[in-house]
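Chains as they are written, first to last, in this note's numbering: chain G, 1 to 387; chain L, 1 to 123; chain V, 1 to 167.
Careful: at least some of the hints might be erroneous.
Here are the simulated DSS-like pairs of lysine-lysine, each with C-alpha atoms no more than 25 Å apart in a straight line [as the list claims (entries may be wrong)]: (1) G:Lys85 - G:Lys99; (2) L:Lys30 - G:Lys85; (3) G:Lys67 - G:Lys85; (4) G:Lys99 - L:Lys30; (5) L:Lys38 - G:Lys85; (6) L:Lys122 - L:Lys38; (7) L:Lys122 - G:Lys362; (8) G:Lys99 - L:Lys33; (9) G:Lys99 - G:Lys89; (10) G:Lys85 - L:Lys33; (11) L:Lys59 - L:Lys116; (12) L:Lys59 - V:Lys84; (13) L:Lys38 - G:Lys99; (14) L:Lys30 - G:Lys89; (15) L:Lys116 - G:Lys362.
A partial selection of chain L residues facing chain V, derived with a Cβ cut-off under 8 Å [unchecked claim]: (16) Gly29; (17) Leu69; (18) Asp71; (19) Val75; (20) Val108; (21) Ala118.
The set of hints was computed from the structure by calculation and includes no laboratory data.
Since we're looking at a predicted model, the values are computed, not measured.
Every residue gets a Cβ at the ideal spot worked out from N, C-alpha and C, and that includes glycine.
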Amino acid sequence: MDFLTSSDFWFLSLTSLAKTIFLIFLVVLPMVSYTVYAERRVSALIQDRVGPNRTGFPTSLIPGFTKDFSPFLGGLGQPVADAVKFLLKEDFVPGHVNKLYFWLAPCLAMMPAIVTLAAIPFGSEFLGVKMVVADINVGLLFMFAISSVSVYGIVLAGWSSNSKYPFLGGIRSTSQMISYELCMGLSAVPVLLVCGSTGLSSIVNYQVREGWLLAPFTNGGLSFREIALWVPIIIAFITFTISMFAETNRLPFDLPESETELVAGYHTEYSSMKFALFFLGEYTAMIAGSALIVVLFLGGWHLPFIPDGAGQGGLNFLHAIPSWIWGLVNITAFFAKVAVLLLVFIWIRWTLPRFRYDQLMKLGWLYLFEIALVNIFLTAGILAFTK
Amino acid sequence: MSEYFPIFLQVVVAIGFAASALLVSVVLGKAAKTNKAKDSAYECGMPAEGGAQPRFSVKFYLVAMLFILFDIEIVFMYPWAVVFREHIAAHGPGIFWSMLSFAGVLTVGYVYAIMKGALDWKS
Amino acid sequence: MSPILFYLFAAMTLVFAVAVVANRNPVASALSLVVSFLGLAALFVGLDAYFIAVIQVLVYAGAVMVLFLFIIMLLNIQAEERRKINVPAYAAGGLVTVAFIAQLWFVLQKFELGKTAFAPLAEKHVDDVRNVGNTLFSTHNLPFQVIGVLILVATIGVVVLSKRELK
Chain G
1 MDFLTSSDFW FLSLTSLAKT IFLIFLVVLP MVSYTVYAER RVSALIQDRV GPNRTGFPTS
61 LIPGFTKDFS PFLGGLGQPV ADAVKFLLKE DFVPGHVNKL YFWLAPCLAM MPAIVTLAAI
121 PFGSEFLGVK MVVADINVGL LFMFAISSVS VYGIVLAGWS SNSKYPFLGG IRSTSQMISY
181 ELCMGLSAVP VLLVCGSTGL SSIVNYQVRE GWLLAPFTNG GLSFREIALW VPIIIAFITF
241 TISMFAETNR LPFDLPESET ELVAGYHTEY SSMKFALFFL GEYTAMIAGS ALIVVLFLGG
301 WHLPFIPDGA GQGGLNFLHA IPSWIWGLVN ITAFFAKVAV LLLVFIWIRW TLPRFRYDQL
361 MKLGWLYLFE IALVNIFLTA GILAFTK
Chain L
1 MSEYFPIFLQ VVVAIGFAAS ALLVSVVLGK AAKTNKAKDS AYECGMPAEG GAQPRFSVKF
61 YLVAMLFILF DIEIVFMYPW AVVFREHIAA HGPGIFWSML SFAGVLTVGY VYAIMKGALD
121 WKS
Chain V
1 MSPILFYLFA AMTLVFAVAV VANRNPVASA LSLVVSFLGL AALFVGLDAY FIAVIQVLVY
61 AGAVMVLFLF IIMLLNIQAE ERRKINVPAY AAGGLVTVAF IAQLWFVLQK FELGKTAFAP
121 LAEKHVDDVR NVGNTLFSTH NLPFQVIGVL ILVATIGVVV LSKRELK
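Generate the whole structure from the sequences, applying the supplied hints.
Written out as structure tokens, the structure is:
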């Protein structure tokens, strides 16, 4: 069947484009800029400083207004100012670099992070349209596959810069990312064992039916088997989260760009928008990672007692309210969970010191690898030999 | 197959976004004059010394090789995990032992690599 | 798969495969191979082989090619110099290619199974991960275990080969 000429081609393309644009430009990119802002404010809070609290929106430029608009905490205009600054900065390419790949690297660092978002179910249903860009049955593997490609952006940035610090940063980063990719893949297997599917929508649907994996009581009572499964799932959650930190190059695993030894690692030679694209890629990867944790362990868009966007489930008297409102509530619940995880990311970054490289490798290859492997057989054993 | 088409669209949107962001920055942020110091590699203000790409430890290469091998092991675990519960219900726990022996064989290689110090980065 | 998409991805696979050989710079060659693999994965999706498509990206584009890049950087291979075209060598190469394609053509002409059309898959959304799993653990269990031994041999080989450096 020729899909490009079939009748539902335009409907499918337009709805999926609308979802893509909503997800990337209305949710994720603003979320990235405000995560950066939150990072600066929270780090200031942790270090007993004030942080950026001045930049408002320059309403005084409009005649008739005398004051800039600076609501709540102040400084809410900071991300916008940062973005404008990145665009206006001198667009400088040093003479010693390999030009083509120097330009290509930031794009390659950012694109995989955006593409992985396609498989995430960020809501149940809204006006009869499923809130996931591409509802595929290998969703989890798709995310792993695309994020494994994001290594190239970093390795190319290091190589094309023709400079020592970026080169070392790129090599380190690649080694670290592939090592922790193993742990991440292994820690996801218990979830697949329990849910019996690699489709992210099916994994969320399983959790809606049987209770969130990390909190099985959201579905009411606990059987013996559920309590027994809780142990390996908690272990899997911890190993998965640690690997996610390493995959996104966040402190305590930010060796690729550790400023005390490598200046800024693989993006030392970068400036202006090219640097901003690396930044965007890193934070988008963080959001995609948090979203994956939410989908795998924290029930995705589901909240207990709240119906989904098709008006199914939840408490009976809530069905009186039109179901599109619940669709919106589900989307909000999903991104609220992601935001909480992002705060944890920030909190940990400003609390823990950086690992040494041999410690990092030892943690990944010896401890996490072994724990995750044994954990798989613990889960499988419980599923095979208990009722 | 049609559910994969949106991924293609998303890739196109991502490429478009990256390209237009770079384009806007080229238009708005005009490059200033360059000079010799600005064009040299950053080495904390000192003149760059030696080749740009230092030799690095063979361990990085070893890690990449071992990664491929264990990655293949994990790839086999995904279909195993997906069919596990149905298979147990239909044919009994044989599938559990099957994967245990597969992983057991690979663990021999893993232990060998550790014993030989292949994963020891201290030295 | 729609013919337009098929030709798009087939062209992408082939063009970048040629670029692997044609490029003088080894890093550019490696990257072209990655793009070629991505096109191949898209072709697998067109055949409803989603699991294989994803594994193609995960293992080949994400793991094997990273190793290739590492080797290129470790050995610090420089871009090849442009050489004069050696006419006899190119002619011989072309001859071998033509012979190979002719051979393939004749073999495929005799291949009867290729002419029978497959029955369309019963359900539209096949969970092919499940199919792979069921096949792997029922009829193909022995080959699966043998793969385990193969990977073990490879692991030991890797460690032994780099043992000199590890002292």
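### Query
If you check each hint against the structure, which ones fail?
Hints 6, 12, 16 are the ones this structure does not satisfy, whereas the remaining hints hold.
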